[in-house]
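Q: Protein chains in written order, with the working numbering: chain A, 1 to 340; chain B, 341 to 597; chain C, 598 to 1133.
Warning: the hint list may mix true and false statements.
Using 30 Å as the maximum straight-line C-alpha spacing, the simulated DSBU-like pairs for lysine-lysine come out as follows [as the list claims (entries may be wrong)]:
| no. | chain 1 | residue 1 | chain 2 | residue 2 |
| --- | --- | --- | --- | --- |
| 1 | A | Lys144 | A | Lys176 |
| 2 | C | Lys715 | C | Lys756 |
| 3 | A | Lys176 | C | Lys895 |
| 4 | C | Lys1112 | C | Lys1057 |
| 5 | C | Lys937 | C | Lys888 |
| 6 | C | Lys1057 | C | Lys984 |
| 7 | A | Lys176 | C | Lys937 |
| 8 | C | Lys715 | A | Lys148 |
| 9 | C | Lys895 | C | Lys937 |
| 10 | A | Lys176 | B | Lys569 |
| 11 | C | Lys715 | A | Lys144 |
| 12 | C | Lys984 | B | Lys569 |
| 13 | C | Lys984 | A | Lys176 |
| 14 | A | Lys176 | C | Lys888 |
In case anyone wonders, no lab produced these hints; they're calculated from the structure.
As a plain string of letters, each chain reads:
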Amino acid sequence: MPTLAMRPETRIHPLAWWMWAIALTFAASATTSTWLLGIISAGAIAVALRFRSDGPWRHSINYAIYLAFTLLLIRLTLAMLFGAKIPGHVLFTLPSVRLPEWLSGIALGGEVTSEKLLTILREGFKLATLVIIFGAASSLTRPKELLKSLPRALHEAGVIVVVSTTFLPQIISSIKRIRTAQRLRGSRANRGLSLTRVLIPVIEDALTKSLDLAAAMESRGYGRTHHRARHRLSASLLIFGLLGLVAGIYLLLVPNSLVNVPWLILTLAAAVCVLGLWLSGRNLRLTVYRPINWNLEAIALPLLGASVAAMAGIHFQSLTSLAFASALLCAPFLYLGRQA
Amino acid sequence: MRSSQASLLLVGAIGLGAFSWPLFISSTSPVQNGGHWLFLIILPLVLAVGISAISQDRLDVRAVALLGVLIAFATALRTLGAGQAGIEPIWLPIILGARVFGREFAFLLGTLSLFASALITGGVGPWLPYQMLAAALVAVGAASLPRAQGRIETVLLAAYAVVASLVYGILMDLQFWPWLGGGTSIAYVAGGSLSENLRHFFLFHATTGLAWDIPRAIFTAFLILILGKPILRALQRVNRRASFVLSERDSQPVEIS
Amino acid sequence: MISLSNATLRYEGAPVFADVNFEILAGEFVLLMGATGSGKSSLLRVMNGLTPHLTGGELTGDVQVNNRSIRNVRPRELAESIGYIGQDPLAGFVSDRVEDELAFTMESLGLSAEVMRKRVEETLDLLGLNSVRHRSMATLSAGEQQRVAIGAALTAHPKILLLDEPTSALDPTAADEVLALLQRLVHDVGMTIIIAEHRLERVVQYVDRIIHVHGDGRVSISDPTTALQASALVPPLIELARLESWEPLPLTIRDARRLAEALRERLSSAPAPRTNQDSDIPREIFAQCEKVSVAYGKHQALRDISLNFTRGSISAVMGRNGAGKSTLLATFVGLNSPEKGSLTLGGHSPSELSSQSLSRLVGFVPQEPGDLLFCESVSAECAANDKDRGLIAGTTMNVLNAITPDVDHSMHPRDLSEGQRLAVALAVVAAAEPPLLLLDEPTRGLDYLAKARLGSILRKLAHQGRAIVLATHDVELVAEIADRVIVLAEGDLVADGSTVDVLTSSPAFAPQVQKILAPSPFMTVQDVINANLGQN
Chain A
1 MPTLAMRPET
11 RIHPLAWWMW
21 AIALTFAASA
31 TTSTWLLGII
41 SAGAIAVALR
51 FRSDGPWRHS
61 INYAIYLAFT
71 LLLIRLTLAM
81 LFGAKIPGHV
91 LFTLPSVRLP
101 EWLSGIALGG
111 EVTSEKLLTI
121 LREGFKLATL
131 VIIFGAASSL
141 TRPKELLKSL
151 PRALHEAGVI
161 VVVSTTFLPQ
171 IISSIKRIRT
181 AQRLRGSRAN
191 RGLSLTRVLI
201 PVIEDALTKS
211 LDLAAAMESR
221 GYGRTHHRAR
231 HRLSASLLIF
241 GLLGLVAGIY
251 LLLVPNSLVN
261 VPWLILTLAA
271 AVCVLGLWLS
281 GRNLRLTVYR
291 PINWNLEAIA
301 LPLLGASVAA
311 MAGIHFQSLT
321 SLAFASALLC
331 APFLYLGRQA
Chain B
341 MRSSQASLLL
351 VGAIGLGAFS
361 WPLFISSTSP
371 VQNGGHWLFL
381 IILPLVLAVG
391 ISAISQDRLD
401 VRAVALLGVL
411 IAFATALRTL
421 GAGQAGIEPI
431 WLPIILGARV
441 FGREFAFLLG
451 TLSLFASALI
461 TGGVGPWLPY
471 QMLAAALVAV
481 GAASLPRAQG
491 RIETVLLAAY
501 AVVASLVYGI
511 LMDLQFWPWL
521 GGGTSIAYVA
531 GGSLSENLRH
541 FFLFHATTGL
551 AWDIPRAIFT
561 AFLILILGKP
571 ILRALQRVNR
581 RASFVLSERD
591 SQPVEIS
Chain C
598 MISLSNATLR
608 YEGAPVFADV
618 NFEILAGEFV
628 LLMGATGSGK
638 SSLLRVMNGL
648 TPHLTGGELT
658 GDVQVNNRSI
668 RNVRPRELAE
678 SIGYIGQDPL
688 AGFVSDRVED
698 ELAFTMESLG
708 LSAEVMRKRV
718 EETLDLLGLN
728 SVRHRSMATL
738 SAGEQQRVAI
748 GAALTAHPKI
758 LLLDEPTSAL
768 DPTAADEVLA
778 LLQRLVHDVG
788 MTIIIAEHRL
798 ERVVQYVDRI
808 IHVHGDGRVS
818 ISDPTTALQA
828 SALVPPLIEL
838 ARLESWEPLP
848 LTIRDARRLA
858 EALRERLSSA
868 PAPRTNQDSD
878 IPREIFAQCE
888 KVSVAYGKHQ
898 ALRDISLNFT
908 RGSISAVMGR
918 NGAGKSTLLA
928 TFVGLNSPEK
938 GSLTLGGHSP
948 SELSSQSLSR
958 LVGFVPQEPG
968 DLLFCESVSA
978 ECAANDKDRG
988 LIAGTTMNVL
998 NAITPDVDHS
1008 MHPRDLSEGQ
1018 RLAVALAVVA
1028 AAEPPLLLLD
1038 EPTRGLDYLA
1048 KARLGSILRK
1058 LAHQGRAIVL
1068 ATHDVELVAE
1078 IADRVIVLAE
1088 GDLVADGSTV
1098 DVLTSSPAFA
1108 PQVQKILAPS
1118 PFMTVQDVIN
1128 ANLGQN
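Work the whole structure out from these sequences, hints included.
A: Here it is as structure tokens:
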């Protein structure tokens, strides 16, 4: 039974958590201080463990931590194998193999110094933090709510994904059912063939059901409110936006003398895209049943994240700033209820 | 050209850029060390635009239902399949569905399959937009293969599966390259020559992802060889039964006299 | 409300129905009846435009709903006028929460949040679904799922509802609930309801008019009495009434009982039916279980069941959904190992046998016969079966032809009708000549003709010396062919006796004829015919 805390009115909007996460991502990208990265990671983990949702993504933060370690390990291994030489205290030496010329003549192995390891760890920490932030955001939201909060322009895609999550248990149970039936058919068939015998009826069954689903959706009015006329405007905006992005990216990557123009083009193009998406959404004229509203607690989250990002951005690096960042990250503990 | 086709093209172009920029980036570029951060922000927007443009233009209720069911099937395969060491049955419905239903359907099938299975398997990581895009490229490629029938078609698709698996691996490693290879001798060199970067990448790829790609290629090709024909036929049957062509919104009723 | 003028529907070839003209008025409860494959579903779908807009086909003439022609608008434009509920409610669900499903319709129509909230609450109350509103769809019973499907269509507030075989997947209790709901919608809410149904005995007493789809293109609409007098497919009640020439034709058990006074008198002196069945001849016991208990986790599915099945007999296992019928069958096939007790098939224990040898001892036709079939054509299916079981080529095909000669061998099994698919599955399973045959709910989706054919096939197979066990809700079929009835409830064996004894002793399991002629132990029309012949 749902508790009071889970009524839509008291829940935190999933986008609030994701915007918080995105702001923290900005912070992680902008900062050069490993300490700040550490605080961000720790804060994200703490908030995730405390406030995680009861959906299927509960354990994302656990997987993320595990994954972050793995990635750091990979980074270390690669650095030890291929690393550039950083002089310092030698910890151990790997056998050195010189690769042939056609592979750039790179030397494998060699000395491994503690400075090198620390440098690599510091650089890898950014990726680890990023992974942890994403894992935290996943843990804090439920996928169904996220689907519901998608921008309206992506509504059809949202419906497709919702349908797939609804059908998934049916397909799994039909696999079990059909596997049982085929087993009883008593065949000498080997494994490969029995895979055919199970998957073919499953997929045929599923495809037939999809036609029934289409009939049901159509009869209930799905697709009615899409207006074709306005669609031209939004479609054109989207195309122009994409063209702008292509131009901006090209100018950024390729050598040229334009310094600020690419950024300007990119920002404009992104704005045009967002405008096009918003307009597409409005064309759909849909409503949402019992939407999760933005309450004060939810609005505070992106603001908190943005503050941390701002601090990282201005490279404010003293001890006080670190303490301040910790406080910002722990703020949710103070005002959010147990079940977000 | 329809707006959905144009979006598909543009998204594809941006996508290729998003994967291959380390090979081409100049040393004077303001993002020479941070291209991956830039694309982290741009890609979700680009994917949203692509998905929105195609679904608004070309998506009939039958396509919605069919995509939902195929994606559920793909997700079921992903949860039941091993998932490690490249054993990824998810490519079976993606490649075959793309083949039968065309490019725009394929784009949505690839993107949303990866998204939906991420929803089920436990969360989202910063590489998800790249995965979605790479899957979309694989799917659109499958939809662009030349017409063929019968046994030839199955063999063609299996061969494509091998190529596509390897390419998918390369794309995902390209994406990881700036994150994991920095500071090593096999990092990408902004402004470096293409051959030098390619050599660095090859070493990176060989040490990280290649071990996944080869089993994936073999496994997917194997699945297509044994299951391809009956699944294709089942898909074609439903295509015919629904008189199904990705029809325009508000189109005229079918065959009324 | 709905009017068809010279409507003809064609899918490549002969028309499904031709030159149909009728009008359905507001507030009517109409039944659409016809044999499987006659075009009932197509006619139903044409009423809201699903055919031809979604499923193709060529429509000539016009169909109008509230004066809007379906030729010009897609079904989704008519969602507020007319709602459609398909055969498989689970397949029509977009989301897996009850509330979200009810709301989806309104979201698509763009209704405001307040209106949506209000209508969801009203619909939950109307359908009695408030207790399950937060549950996931997969955990609901079939009856509840069907009601949610109806609710999902109702939230658009249509005035007309079309239902395609709403009770086919339901046990009798759930079916009655759904039909009572539909009755209430017609009488209290003033809706117009058109329902396509095979199980006429459940519906005929409620409907105002019957549309009969003849299958050769003709469609006729008339009041129930006229339609049933003329039709070949009728429930036992009507068959008895026609046999005894009762006037006016009774549509309910109560009316029939009043008219049956004379018949009851006559039959009270007739010998009880089925007494001279060769039940005294000892038959060989093929399969038996002794004090078997099966548990799924904490749930005790079967408790201390002791049964035996003899060759040449047809046994029916009856009981509510969830009573353990399917579990019992599954145990006999070796899918579950009993935690207590023993089970033998022809002297062997199922768990010791390989699936190859097991398939020579017992054959199982599941609820969905299509689960067994995986080839592209019927002939391929038969050939594969021969190869699998090491039979001489052509054996399965011969068995199929003996069962039913009118299946097109080149057709894809999924394109066959329900009855034909069941026949193919039965042939596949029976080809290896297993002495024990188990069938789980075989009568779903079958019309009376197909059921009669199934009955005669099973009798033939039993005659060949096989033991046949049916898990079913269908009392009429049980009355026709079963020698013995076993009733399970909550995993316990509640009754085990001859058909006559069990079916006549409980009102819940009484077939129609028995209800009319109680307390005389006559269960089928054939029994009455035999008695009449005996008396002459």
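Q: Taking the hints in turn, state whether each one holds.
A: Checked hints:
The suggested pairing of A/Lys144 with A/Lys176 holds, with an alpha-carbon distance near 26 Å, which does not exceed 30 Å. A distance of roughly 18 Å separates the Cα atoms of C/Lys715 and C/Lys756; the hinted pair therefore holds under the 30 Å criterion. At most 30 Å may separate the alpha-carbon atoms for a hinted pair to count; A/Lys176 and C/Lys895 meet this at roughly 21 Å. The suggested pairing of C/Lys1112 with C/Lys1057 holds, with an alpha-carbon distance near 28 Å, which does not exceed 30 Å.
The straight-line distance between the Cα atoms of C/Lys937 and C/Lys888 is roughly 7 Å, inside the 30 Å bound, and the hint therefore holds. Proximity of C/Lys1057 to C/Lys984 is assessed by CA-CA distance (about 25 Å); at most 30 Å being required, the pair is judged to hold. Of the supplied pair hints, the one linking A/Lys176 and C/Lys937 holds, its CA atoms being roughly 25 Å apart against a limit of 30 Å. Only pairs whose Cα atoms come within 30 Å are accepted, and C/Lys715 paired with A/Lys148 is accepted, the gap being roughly 20 Å.
Distance restraint check for C/Lys895 and C/Lys937: the Cα-Cα separation of roughly 15 Å lies within the 30 Å cut-off, and the hinted pair is therefore satisfied. Between A/Lys176 and B/Lys569 the CA atoms are separated by roughly 23 Å; this keeps the pair inside 30 Å, and the hint holds. For a cut-off of 30 Å, the pair hint linking C/Lys715 to A/Lys144 stands: about 23 Å separates their Cα positions. Of the supplied pair hints, the one linking C/Lys984 and B/Lys569 holds, its CA atoms being roughly 21 Å apart against a limit of 30 Å.
For the given pair, C/Lys984 sits about 24 Å from A/Lys176 by alpha-carbon distance, which is consistent with the 30 Å threshold. For the proposed pair A/Lys176 and C/Lys888, the alpha carbon gap of about 28 Å is at most 30 Å, so the pair holds.
In summary, this structure violates none of the numbered hints.
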